[in-house]
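Q: As a plain string of letters, each chain reads:
Protein chains: 2
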Amino acid sequence: MAKAAPVTASTVLELTEALPLDCGQSLAGVRIAYETYGSLNAAGDNAVLICHATTGDQYLASTHPITGKPGWWDRMVGPGKGIDTDRFYVICPNVLGSCMGTSGPSSPAPDGQPWAMRFPVITIRDMVRAHLALLDALGVGQLHAVVGGSMGGMQALSLAANWPDRARRVLAIAATGEMPAQNIAFQEVGRQAVMADPNWQGGAYYNTGKAPDAGLSVARMAAHITYLSQATLSEKFGRRLQDREAKSFGFDADFQVESYLRYQGESFTGRFDANSYLYITRAMSYFDLAEECGGLLADAFTDCKARFCLVSFDTDWLYPTIESRNLAHALNAAGAPVSFVELAAPFGHDSFLLEVPELDRVIAGFLDQ
Amino acid sequence: MAKAAPVTASTVLELTEALPLDCGQSLAGVRIAYETYGSLNAAGDNAVLICHATTGDQYLASTHPITGKPGWWDRMVGPGKGIDTDRFYVICPNVLGSCMGTSGPSSPAPDGQPWAMRFPVITIRDMVRAHLALLDALGVGQLHAVVGGSMGGMQALSLAANWPDRARRVLAIAATGEMPAQNIAFQEVGRQAVMADPNWQGGAYYNTGKAPDAGLSVARMAAHITYLSQATLSEKFGRRLQDREAKSFGFDADFQVESYLRYQGESFTGRFDANSYLYITRAMSYFDLAEECGGLLADAFTDCKARFCLVSFDTDWLYPTIESRNLAHALNAAGAPVSFVELAAPFGHDSFLLEVPELDRVIAGFLDQ
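Sequences listed follow chains A and B, in order. Mapping to the UniProt record's numbering: the first sequence position 279 is 279, numbers consecutive. Mapping to the UniProt record's numbering: the second sequence position 208 is 208, numbers consecutive.
Worth double-checking, as some hints may not be accurate.
One copy or two, either will do: identical chains are not told apart, so a pair holds if it fits within one copy or between any two.
Claimed, not checked - Think about it this way: if two alpha-carbon atoms lie no more than 25 Å apart in a straight line, the pair counts; the simulated SDA-like pairs of lysine to any residue are: (1) Lys247 to Thr11; (2) Lys236 to Trp317; (3) Lys69 to Leu21; (4) Lys236 to Ala298; (5) Lys210 to Met195; (6) Lys247 to Ala204; (7) Lys210 to Arg75; (8) Lys236 to Pro320; (9) Lys210 to Pro198; (10) Lys236 to Ser339; (11) Lys81 to Asp299; (12) Lys210 to Asn199; (13) Lys236 to Pro110; (14) Lys247 to Gly294.
Honestly, the hints are just simulated from the structure, not real lab data.
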């Protein structure tokens with residue numbers, strides 16, 4: 001059993017046993033890169049697992065090694081913050097299928113070559129299986145809480161539904177229990193953009209000196225629009241021009257919003273693997289807790305003793321409030337204690353990552369219950 | 001002066017004078033492909049100009065020569081229909097910059113080679129300039145009405161704002177007076193998808209035997225999602241699988257919505273030119289009636305004597321009701337008579353093309369006023 005790290009630790013765990021997957025295969029030699037913050041207490045009951053979103057990573061509250069930027073939830077996680085690392089032992093693993101140290105399509109297969117598209121197609125539940133193997137190795141039995149936004153929220157819900165004794169509290173922000181058709185559609189557009197890039201080469205681009213950066217950039221641009229609200233785009237950019245007095249009557253980035261999007265696309269390719277993008281969006285489109293238990297979402301939570309907290313944002317059109325409300329109804333039907341709040345925040349789906357003080361209070365309050 | 005065609009006529013007009021453009025250039029030898037339905041009456045006052053949307057064309061109520069499908073507004077335009085061709089002389093031109101016979105980037109430049117990216121960047125107002133040249137040639141002075149949905153509505157508004165005596169009625173459906181930032185963003189994604197395709201070759205692909213079909217297909221897929229409502233996607237497809245009993249754990253189109261989108265993308269490339277897509281979306285992102293007259297939308301309509309009718313749809317998130325409401329306020333401020341209605345329709349932005357009987361009644365009623 002691994003010992004808990006004292007303050008912040010960045011580690012990679014290699015699993016000794018093969019990880020069973022929903023596709024029917026097992027994956028040997030899985031590596032899980034993770035960060036921890038704070039310490040596990042003597043009773044071993046203060047662990048909080050935080051699950052990251054689609055293109056997130058384990059750099060929750062520590063500097064990202066590629067971008068040099070603060071951790072993606074630095075504002076929420078730390079001493080005295082909404083998730084207080086003086087009290088909680090916070091664990092954040094990079095998800096299975098990703099590219100920041102955890103096994104994924106860019107990792108070496110048993111033959112020493114990158115898996116590429118030979119990597120098995122994974123699910124959200126498979127990501128959670130990897131998380132649980134990590135918790136086992138860290139000596140964490142029952143979590144004080146599992147927490148996540150967006151795809152992180154789906155992992156939290158999957159953990160609660162499939163391993164009902166493993167967490168006492170489940171906090172899912174801007175999430176869903178069943179990926180809606182519009183989101184499946186946007187995810188498919190992203191994958192098609194990557195696969196349309198000739199540099200993708202059927203996924204076998206790792207040793208070619210080329211990568212499908214252009215396609216991945218387009219995928220990121222399209223996705224990025226869905227993370228923001230119309231109001232944010234209008235207020236932040238409106239129709240303002242970029243470094244020019246007048247329209248160019250050409251195809252340069254005349255508008256600030258065009259320049260911003262291009263930057264988002266290009267910078268993303270510097271930190272993310274295109275095949276990981278395919279695998280992770282595929283896992284999201286497959287996510288359907290109701291289907292896993294016969295078709296009724298409430299049945300997913302029958303055996304669950306955890307308390308639940310669901311948060312949505314009024315301007316989030318990608319995972320709108322109705323998705324959280326459906327979850328709340330299912331949890332009510334299953335007799336689970338659930339609180340559900342829709343917060344007013346202008347930033348759209350990305351609100352869970354941004355300055356929404358009310359969210360900090362909701363999270364801190366829920367972890368205290 | 002050309003004579004009005006008796007029933008349905010499909011014609012191409014070649015302008016004898018160069019067309020002045022907003023970019024400062026003039027375009028010589030412009031050809032305008034158009035269809036007409038019904039006859040111009042002796043008083044010459046029963047003409048209705050119908051302007052098509054981004055990827056529409058002149059095949060308003062006649063079979064499309066490539067797809068073999070009925071005209072895009074066949075349900076609205078014809079004898080006894082909402083726009084009654086027994087009463088009105090209906091004219092539908094292919095817009096400048098498009099690819100169905102009107103001059104655009106795929107047309108021959110003076111050197112005999114396709115214009116490609118040498119074609120000047122055009123605006124919505126330039127499209128209207130071409131329409132007016134066509135009306136002049138057809139002997140139509142003042143229109144009974146100018147009508148359009150989406151980008152067609154923007155042309156109608158541009159005509160009213162810039163040539164205030166040219167139409168007695170202006171009907172703009174699911175349109176805007178100033179392209180919002182989110183739409184500029186989606187338009188940019190589409191262009192980047194096309195230009196990321198190596199077959200685009202800087203736009204000079206016409207004689208290479210290759211076309212940026214993969215990029216154009218991705219652009220269309222992304223755009224197509226924005227034309228539909230979340231509810232339509234959920235009801236029409238939900239999470240249903242395509243011709244299979246179970247998920248494939250692969251990257252095929254497992255879901256019906258994925259298969260549908262791929263089909264929309266692929267079939268689009270068979271009927272549309274990628275460079276035209278760039279030019280037309282650029283014209284849309286440049287559209288800003290307020291900017292054209294100093295910054296205040298109301299000032300765009302100061303001299304206008306026309307009656308206006310604005311229609312929005314409650315599930316249209318691409319051109320939401322607020323856009324039409326802003327227009328209505330501007331027209332009120334300008335003292336123009338305007339009726340504005342938000343219709344309940346489940347189909348999102350595409351509602352203007354689909355079965356919404358209330359729209360037929362609104363249009364027929366407005367044309368009768």
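Q: Can you name, in rising order, the numbers of the hints this structure does not satisfy?
A: Of the numbered hints given earlier, those the structure breaks are 1, 3, 7, 10, 11 and 13, listed in rising order.
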